[in-house]
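Colleague: Spelled out, the chains give:
4 protein chains.
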Amino acid sequence: MASDAQQACFEAGIKFGSLYHQFAGTPVSPSSARSLEAAMAESIENQPHCESVDVTIRDDRVADAIDHENGYTELTGSLMDVEMRIEYEGVTVRTRMEMENGYPLMKLVEVIDDGESRSADPAQSGDGDPNA
Amino acid sequence: MASDAQQACFEAGIKFGSLYHQFAGTPVSPSSARSLEAAMAESIENQPHCESVDVTIRDDRVADAIDHENGYTELTGSLMDVEMRIEYEGVTVRTRMEMENGYPLMKLVEVIDDGESRSADPAQSGDGDPNA
Amino acid sequence: MASDAQQACFEAGIKFGSLYHQFAGTPVSPSSARSLEAAMAESIENQPHCESVDVTIRDDRVADAIDHENGYTELTGSLMDVEMRIEYEGVTVRTRMEMENGYPLMKLVEVIDDGESRSADPAQSGDGDPNA
Amino acid sequence: MASDAQQACFEAGIKFGSLYHQFAGTPVSPSSARSLEAAMAESIENQPHCESVDVTIRDDRVADAIDHENGYTELTGSLMDVEMRIEYEGVTVRTRMEMENGYPLMKLVEVIDDGESRSADPAQSGDGDPNA
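Chains as they are written, first to last, in this note's numbering: chain A, 104 to 235; chain B, 104 to 235; chain C, 104 to 235; chain D, 104 to 235.
What the hints contain is simulated information worked out from the structure, not anything from laboratory work.
One should not assume that every hint holds.
[Unchecked claim] Simulated pairs of lysine to aspartate or glutamate, EDC-like, Cα-Cα distance not exceeding 16 angstroms:
(1) Lys210/B to Glu186/B
(2) Lys210/A to Asp170/A
(3) Lys210/C to Glu186/C
(4) Lys210/C to Asp184/C
(5) Lys210/B to Asp157/B
(6) Lys210/A to Asp107/D
(7) Lys210/D to Glu192/D
(8) Lys210/B to Asp184/B
(9) Lys210/B to Asp157/C
(10) Lys210/C to Asp157/B
(11) Lys210/D to Asp107/A
(12) Lys210/C to Asp157/C
[Said to hold, decoys possible] If the Cβ cut is set under 10 angstroms, some of the chain C residues that face chain A in the computed set are:
(13) Thr129
(14) Pro130
(15) Asn173
(16) Glu177
(17) Asn204
[Said to hold, decoys possible] So the derived label-pair ranges between C-beta atoms look like this:
(18) Tyr206/A to Ser134/C: 14 to 20 angstroms
(19) Arg164/D to Glu203/B: 19 to 25 angstroms
(20) Asp184/D to Ser181/B: 37 to 43 angstroms
Note that beta-carbon positions come from the ideal geometry of N, C-alpha and C, so glycine has one too.
One chain only, chain A, in its complex shape:
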């Protein structure tokens, strides 16, 4: 069967896709950004195995994106940073979303499985174990 670490990474991906696509398009301004950050985090933390969600909407980017008189814009991935921690059957997965080359890239930062941390460390890439 799929390993617990693989299942944990799958669960982590679900939370990110959910957060992004549930809230994409939400009207936002610097004055409403704090309430939206809080709601996004608390709603996704309801999902199974989701231990913590941190959403930071960047007010400077929101202000830059407001290009009409109406004083607001619509939430996209480019306006926020997101971090999450998922726990599944003893595996901890940490994830982050940040802009890279014009694309809001969702990244696996770390997969901690039974104490063995698999972090973003290129040195581990050539060990032959298909699970390393």
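Fit chains B, C and D to the given chain A structure using the hints.
Modeller: For chains B, C and D alone, kept in the frame of chain A given last:
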């Protein structure tokens, strides 16, 4: 051209459709409902001519809708009451959403145009004026 | 009570807000745009009093919006033109969404009430009747 | 670093969360279900590493969910079956969503990594290797 009152009612409808379909599906539990209410109201209040939005998520209905172990459900119209006030060119429109016969009905409660209130008053229904 | 024409305009606004916020954020490319147009129109046509919806996603704008290697972007109001026709108690409302000054403006094009068309005609603007 | 298989599972989860929360709440009826299925599949197939998406909206469940005169309901996980295939750096991940105990459960069906299939096979559950 379309009257200011007609335009105001159009604007009011846009806010309701936006609120409903932006947030439908958001994971919600009694513990996360307050933050979601606040974010829904503040985000839609960003929209043009939207003076106030009041969202009450009914914790009892949320609790009833939770039918699995995961402890949350997804927001639908049946779980909340919403009121809004829109102001457009001197016209005030008040609206409300509440459940009626299994359907989350969005209603025009009152259209106040230049001081003339057109409320939900059956007595006015037979006056022949197509605009009354 | 609110006039049938006002109610019809309210209904028309609900459809627009629904369409926009339900589909904002949907991944889209020129190759997937046709299926999305069809689904957007057919889904909103389910809503009460909604007689027809026409969605045109502009492939050129989608292509311009694709600014990374992944070959797709996310649907926003700036990428499409939308027209709708709503019928309520003998009143026909025609609406359109198009970009104006960087904002996807939703417009009442025409309100036809009992044969009296109230189109976007500046000549009617000074007639004193608060409902004209 | 996180293994390719773990990254592939993460990618697979993102697609599922995206599909579910982008389209939850979409008005649907048996007559509009086919266009929605097609649009959901084609839009998510735009996402990186997503090779195929299959959405089946169950007309019988949609019809059952329609509990008012308006002839439509709003899409939820309970109304559809979804299967996906993700390919990432030589790893194939197959996933499925189906209802289990009132919850739309998203499952990893199979993770094929360098020819070694890790399927839902209970016989492998006691092998002691935390990654098996």
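Colleague: Against chain A, run the beta carbon of Thr129/C and see if the smallest gap drops under 10 angstroms.
Modeller: 8 angstroms, holds
Colleague: Decide if the proposed pair is consistent with the structure: Lys210/C and Asp157/C, CA atoms, cutoff 16 angstroms inclusive.
Modeller: Answer holds: Lys210/C to Asp157/C is near 14 angstroms, not above 16 angstroms.
Colleague: Below or equal to 16 angstroms on CA atoms is what counts here, so check Lys210/B against Asp157/C.
Modeller: Between Lys210/B and Asp157/C the Cα gap is close to 25 angstroms, so the pair fails against 16 angstroms, i.e. violated.
Colleague: Min Cβ distance, Pro130/C to chain A: is it shorter than 10 angstroms?
Modeller: 9 angstroms, holds
Colleague: Does Asp170/A lie within 16 angstroms of Lys210/A when you go C-alpha to C-alpha?
Modeller: Violated, because 30 angstroms separates the two Cα atoms, which is more than 16 angstroms.
Colleague: Indicate whether the distance between the beta carbons of Asp184/D and Ser181/B respects the range 37 to 43 angstroms.
Modeller: 24 angstroms, violated
Colleague: Checking one constraint from the list: CA of Lys210/B to CA of Asp184/B, max 16 angstroms. Satisfied?
Modeller: The hint holds at about 12 angstroms.
Colleague: Do the beta carbons of Arg164/D and Glu203/B sit within 19 to 25 angstroms of each other?
Modeller: Holds - the Cβ-Cβ distance for Arg164/D and Glu203/B, about 24 angstroms, lies within 19 to 25 angstroms.
Colleague: Can we keep the Glu177/C interface hint, with Cβ of chain A closer than 10 angstroms?
Modeller: Status holds, d = 6 angstroms.
Colleague: Would the pair Lys210/C and Asp184/C pass a check requiring their Cα atoms to be no farther apart than 16 angstroms?
Modeller: Between Lys210/C and Asp184/C the Cα gap is close to 12 angstroms, so the pair holds against 16 angstroms.
Colleague: Can the hint on Asn173/C be confirmed by a CB-to-CB distance to chain A that is less than 10 angstroms?
Modeller: Holds, because the Cβ-Cβ distance from Asn173/C to chain A comes to roughly 6 angstroms (cut-off 10 angstroms).
Colleague: Taking 10 angstroms as the limit, does the beta-carbon of Asn204/C come near enough to a beta-carbon in chain A?
Modeller: At 6 angstroms from the nearest chain A Cβ, Asn204/C passes the 10 angstroms test, so the hint holds.
When the structure is compared with the earlier hints, violations turn up for hints 2, 7, 9, 10, 20 and for no others.
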